[in-house]
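Visitor: Next come the chains, spelled out residue by residue.
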Amino acid sequence: MSRPAFYRTIVIAVALALLEAACRLGWIDRFSLIPPSEMLQSAAHILASGEYTRDILVTFGTVAGAAILSVMGGFAVGLILYRWPRLKRAADPFLASYYAVPSFIFYPLFIVMFGLNRWPLVAVAFVFAFVAMAISTVDGFLSVRPILLRAARSMRLTRTQTLRLVILPAAAPYLFTGVKLAIVYAFIGVVAGEFILSGSGLGYRIAFAYQSFETATMYGLMLILLVSVVTINMMLWSRERRLHARLSR
Amino acid sequence: MSISATEPVSAPLSPVSAGQAHVAVRGLMRVYPAAAGRASLHALGPIDLDLMRGEFFSVVGPSGCGKSTLLDVLAGLSVPSEGTATFEGRRIAGSVPDGIGVVFQEDSSFPWLTVFDNAAFGLRRLGAAETEVKARVHDALRLIGLSAFAGAYPAQLSGGMRQRVCIARTLVMRPRFILLDEPFGALDQQTRLLMGDELLRLWRETGATILLITHSLDEAALLSDRVGVMSARPGRFIDVIETGWSRDRDSRIASDGKFGAITGRIWSQLREESLKSMEVAP
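If you're matching them up, the sequences are chains A and B in order. Quick note: the first sequence uses the numbering used here, first residue 1, plus one each step. Quick note: the second sequence uses the numbering used here, first residue 1, plus one each step.
Quick caveat, the hints were computed from the structure, so don't treat them as lab data. A virtual CB, placed ideally from N, CA and C, is assigned to each residue, including glycine. You can trust all of the hints, since none of them are fake.
Derived CB-CB ranges, DEER-like:
#  : chain 1 : residue 1 : chain 2 : residue 2 : range
1  : A       : MET235    : B       : SER158    : 30 to 38 angstroms
2  : B       : GLN156    : A       : THR53     : 42 to 50 angstroms
3  : B       : ASP250    : A       : ALA96     : 56 to 64 angstroms
4  : B       : ASP248    : A       : ARG86     : 54 to 62 angstroms
5  : B       : SER147    : A       : GLY50     : 54 to 62 angstroms
6  : A       : ALA245    : B       : LYS134    : 21 to 29 angstroms
7  : B       : ASP48     : A       : ALA245    : 45 to 53 angstroms
8  : A       : TYR7      : B       : SER255    : 53 to 61 angstroms
9  : B       : SER95     : A       : ARG164    : 15 to 23 angstroms
10 : A       : HIS244    : B       : GLU130    : 24 to 32 angstroms
11 : B       : ASP188    : A       : MET234    : 40 to 48 angstroms
12 : A       : PHE6      : B       : ALA129    : 45 to 53 angstroms
13 : B       : SER147    : A       : THR53     : 50 to 58 angstroms
Partial selection, computed: residues in chain B whose CB lies under 8 angstroms from chain A:
#  : residue
14 : ALA75
15 : LEU77
16 : VAL96
17 : VAL102
18 : PHE104
19 : GLU106
20 : PHE110
21 : PRO111
22 : TRP112
23 : GLY122
24 : ARG125
25 : TYR153
26 : ALA155
Isolated chain A, as found in the complex:
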């Protein structure tokens, strides 16, 4: 284990121990917050009982769908903006202010468009996530050193070969960041959407447990969600770091 990882583990372990003690000693109202050990027990029980398996699968399925669409759509938009610089210049102010608009305001519109099913959630998550991928794609393509493009020309690569064999690998760290952000934003979009209007999924179950005062269930579900998202993100982050290290000069 590296030294930073060791310190990170120590900090988390100490924080959890303090939280456990604070809850057990009554410094924190158990009705508001249960000890981490009980959260873990609740999460284990939820997973073992299979009671929420369908909701977990529904949420992860929706996130996967939204993330895939966001990555594909964002990549396509990024590629178009890269190929047509004038279009990019025109779109720049919109891209810069895009995240100032709360995407959830479009939720009623998406219900009208897609009906009361999972598609409005996919649409909200897509709207939230695809621009991050588009921005990363165009930034990545523009970051490719001109000398690599000259080298590609000197080796008689066609335009498609240059994109596939030079631009894509050179921009890989940026594209990876885009994918990571698209997945994170898809999670936020889907789970937040489930909180508001859905009748299934992890977000809905957490909100339902909260409203029914089922504190242990609520924290168990939250822990499952948190651990899943953090694990996925850490895996992507680790891969992204390796890519950056390899491509650094």
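Fit chain B to the given chain A structure using the hints.
Guide: Leaving out everything else, chain B in the frame of chain A:
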């Protein structure tokens, strides 16, 4: 003017030969048209030049005189405004002909590929059999002394080693005409001398015609059969100096008294032009 390493003499300027040239340039000019509030820029020419098969020719000139523009046109990366350039009798016109390899001043190795995969890049793109790829890449890596680093990534190598990777990537394609744009520009003097020796060895072993763009008068005088001295912009050849070195030369000729005579001759031509280029610099 022409100068021999054995006996410096004056002779009429003659970059064009009487025989069949490997690379022939006639009346070549490059003018960048006016754009976005900028006046048109006459960057190069007119240039006439013949390179014989297997010749090592260096181009020196003041900054901004159009040396790299000349290389771009000869590589097929840029189209001349006027005139022609031919390679093995075929016209070079805006695309890189088969048989020409280019090594740039800046490191152009692909950082996501290992040294081996970098060198193999061109061959694999052409669909060469893997056994042939391995044989040719191993040969090229041995030639440039990077066999032990075949599995390393460019980020793990020094600047000089990365430049050698780029040379290997060019060599595996067995180019008959190699264009080098200040390939050792970023290296320290000792490494430059050693890389120059390696380049001479590669030149002898491959038999390729080489055109080297350089700012270093020493490098030009050491490596070349002939040195073309360019004027300030628009760049034209104001002198072509024959060094007269034997083909098996190496950097030890730097201690030869004739070496000083050649560099002195180049500098005497170049000094005035460098001053001019500083005066006209914006």
